[in-house]
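In order, the protein sequences belong to chains A and B.
Position one of the first sequence corresponds to residue 1 (our numbering), numbered consecutively onward.
Position one of the second sequence corresponds to residue 1 (our numbering), numbered consecutively onward.
In short, the hints are calculated from the structure, not lab data.
C-beta: ideal position from N, C-alpha, C; glycine also.
Take every hint as true, because none was put in to throw you off.
Simulated pairs of lysine-lysine, DSSO-like, Cα-Cα distance not exceeding 27 Å: (1) A:277 x A:305; (2) A:34 x B:142; (3) B:197 x B:259; (4) B:52 x A:269; (5) A:276 x B:197.
If we take Cβ atoms under 8 Å as the criterion, some of the chain A residues that face chain B in the derived model are: (6) 73; (7) 82; (8) 239; (9) 284.
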Amino acid sequence: MEVLKIATAGSVDDGKSTLIGRILYDTKSLTTDKLEAIEKTSKKNGYDYLDFSLATDGLVAEREQGITIDVAHIYFSTANKSYIIADTPGHVEYTRNMVTGASTSQAAIILIDARKGVIEQTNRHFFINNLLRIKDVVVAINKMDLVDYSEERYNEIKADFEQLMDKREYRDQKITFIPVSALKGDNVVNISERTPWYSGTTLLEHFETLDRKDIFNVGTPRFPVQYVIRPKTDAHHDFRGFAGKVYGGELSVGDEVVALPSQTRSKIKDIYFHDKKYQTAARRSSVTITLEDEINLSRGDMLVKVNDLPTIEKRFTATVSWMDSQQLTVGNKYIIQHGVNKVLAKIDKVHHKIEPDYSGVDTEVDSLGMNDIAEVSFQLNKPIYYDKFKDHRTNGSFILIDPNSNSTVGAGFIS
Amino acid sequence: MDTAHINPLENEAIYIFREVAAQFERPVLLFSGGKDSITLVRLAQKAFWPAKIPFPLMHIDTGHNFPETIEFRDRLVKELGLELIVRNVQDSIDQGKVKEESGRYSSRNSLQTTTLLDAIEEFKFDACIGGARRDEEKARAKERIFSVRDDFGQWDEKNQRPELFDMLNGQIELGQNVRVFPISNWTELDVWSYIEKENIEIPSIYFAHKRKVFLRDGLIWSHSDYVYQEEDEEVLERMVRFRTVGDMSCTAAVFSEAKDIASVVQEIRESTISERGARIDDKRSEAAMEKRKQQGYF
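My request is simple: use the sequences and hints to build the entire structure.
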């Protein structure tokens with residue numbers, strides 16, 4: 001079974017709730033009570049269509065009450081895939097929530113209101129999706145019904161967006177434009193007859209046909225040790241298994257590996273998933289690995305292939321997305337959680353703040369507030385084994401924890 | 001053979017279990033005897049094999065459970081050699097900490113919370129693993145995988161830690177604890193499909209069986225000493241099964257002929273479709289029941 005997580009973001013009026021509602025309705029994922037509520041309210045309001053924004057009514061209610069909204073998860077499935085929509089509405093903690101939602105997603109939808117075209121918010125969505133290196137992005141040009149399904153308008157918006165694309169850093173990001181009307185159901189799940197000039201797929205078809213290679217970057221295998229399994233039972237007296245998730249590539253029995261930080265070499269003896277042995281551990285699988293030699297490895301250590309070492313360093317610079325109301329200031333100390341490894345870090349220097357909208361505005365600062373993004377240099381108490389974020393989405397990212405509040409206060413992408 | 005075919009949700013859940021074992025000193029798995037917590041036990045087994053599950057199970061027993069669930073619980077624990085802690089709502093009532101509800105809709109469901117919090121304090125648990133899923137209801141859709149609770153067990157939804165990539169931050173202060181939800185991203189159908197694929201044994205009440213029931217508010221209630229029943233509410237014998245399993249007083253049945261797991265999965269699959277355009281049925285009310293149960297527990 002495939003699971004695809006899609007990040008969406010936006011405000012009340014760009015039709016995002018309606019789009020999500022439409023997807024749920026057309027894939028027959030709405031429950032009876034929701035559907036009846038939609039029908040009833042639509043009728044009461046005198047609409048001649050169904051108001052699908054009510055499908056995500058929980059979020060609407062919150063918005064009205066002014067409660068803080070962050071990432072909400074919406075689930076639906078088709079015959080061949082399970083989908084999770086990570087929805088990040090709201091304005092106030094916008095960047096923080098978008099970064100969070102995008103960090104666990106493999107695809108994203110950027111919604112554009114066909115009447116308004118590319119606006120500042122579009123730039124921000126795109127910037128963050130590109131910063132987080134989401135491999136597949138759909139630009140859904142919505143409310144086509146309100147511009148008479150005009151091909152000309154669609155092309156105009158597409159051209160505007162393509163100008164933004166020239167500024168993006170992550171060039172391999174695949175971008176697909178789809179003209180839709182969430183309200184009327186055009187090109188969302190079902191292909192529309194009202195856009196005969198459009199020959200592409202519907203939104204859902206697009207995601208249905210995405211393959212693993214379309215959503216995951218192939219990098220080098222990294223195996224951070226999460227937990228050491230030592231049963232000490234009669235049947236498994238000498239069993240010493242290193243439990244963890246394989247990231248970036250695959251590992252096979254017989255592979256020559258190096259343990260970090262000890263730099264000790266060994267070979268992979270067995271790969272287990274539960275009680276079954278496998279020849280190869282595919283990326284993102286939670287396996288248990290045993291080695292030919294008895295090596296002392298503990299949580300936070302890492303197994304890598306001999307000719308594929310990561311950088312082992314006590315200093316680095318990263319793009320930081322700050323998520324806390326307490327400011328990040330030069331000289332402050334934080335805990336860096338890099339995968340499952342924790343080290344102490346000191347802020348060496350804040351280089352400059354980046355406006356996440358392609359405006360090109362960089363400001364010299366020495367502290368960061370909530371939702372700020374900046375280049376920051378760190379000094380650690382001991383080395384970590386990292387890759388650059390652009391080469392390895394997992395091994396190139398970390399979170400910052402405030403040692404006083406224990407809160408997660410920021411995320412970093414190693415430059 | 002490689003591991004590429006393994007369900008990503010299963011990989012994720014196993015990863016979460018290992019994080020719990022590594023980051024906390026005294027974790028516990030909250031076990032209700034329902035399908036979700038049974039699924040958790042299987043996932044935990046896989047996460048730590050060939051070692052035993054490195055934490056106990058705890059059941060907050062209302063005393064109003066289906067006898068089938070309790071029998072199943074005891075057998076499972078024995079077969080897997082697990083440690084089971086049971087704390088009883090009856091004790092909380094006897095100690096005067098909570099008051100038994102009375103009347104037509106009385107249930108011990110919401111009373112569980114007090115017993116649970118007392119048990120957390122008694123054993124100094126710092127992580128409580130639960131089977132709640134984000135697809136269950138709106139508020140749960142925003143729940144974290146590691147959800148920090150204060151001394152009073154309360155959830156501050158406005159002040160949740162952001163969860164990025166796979167990284168789970170389990171740092172807490174003394175007195176705080178974390179609720180952990182390894183199957184957050186599973187849907188009801190995912191759980192049932194997994195039970196089918198893994199051939200996991202579940203209590204018999206999940207399958208169609210003849211039961212004495214009565215109808216109220218369009219719901220099918222069990223006829224039992226634990227369930228308040230009016231004199232004019234007629235006892236019927238029908239083929240039913242349960243889609244969720246909580247207390248007898250708050251778990252409604254559905255009419256069903258599904259006697260094995262394949263037919264149950266089929267029924268769940270189809271019910272999602274037939275719900276469309278249908279009238280409010282048992283399903284909706286049943287979902288509300290499950291919600292109530294979850295609120296009591298988490």
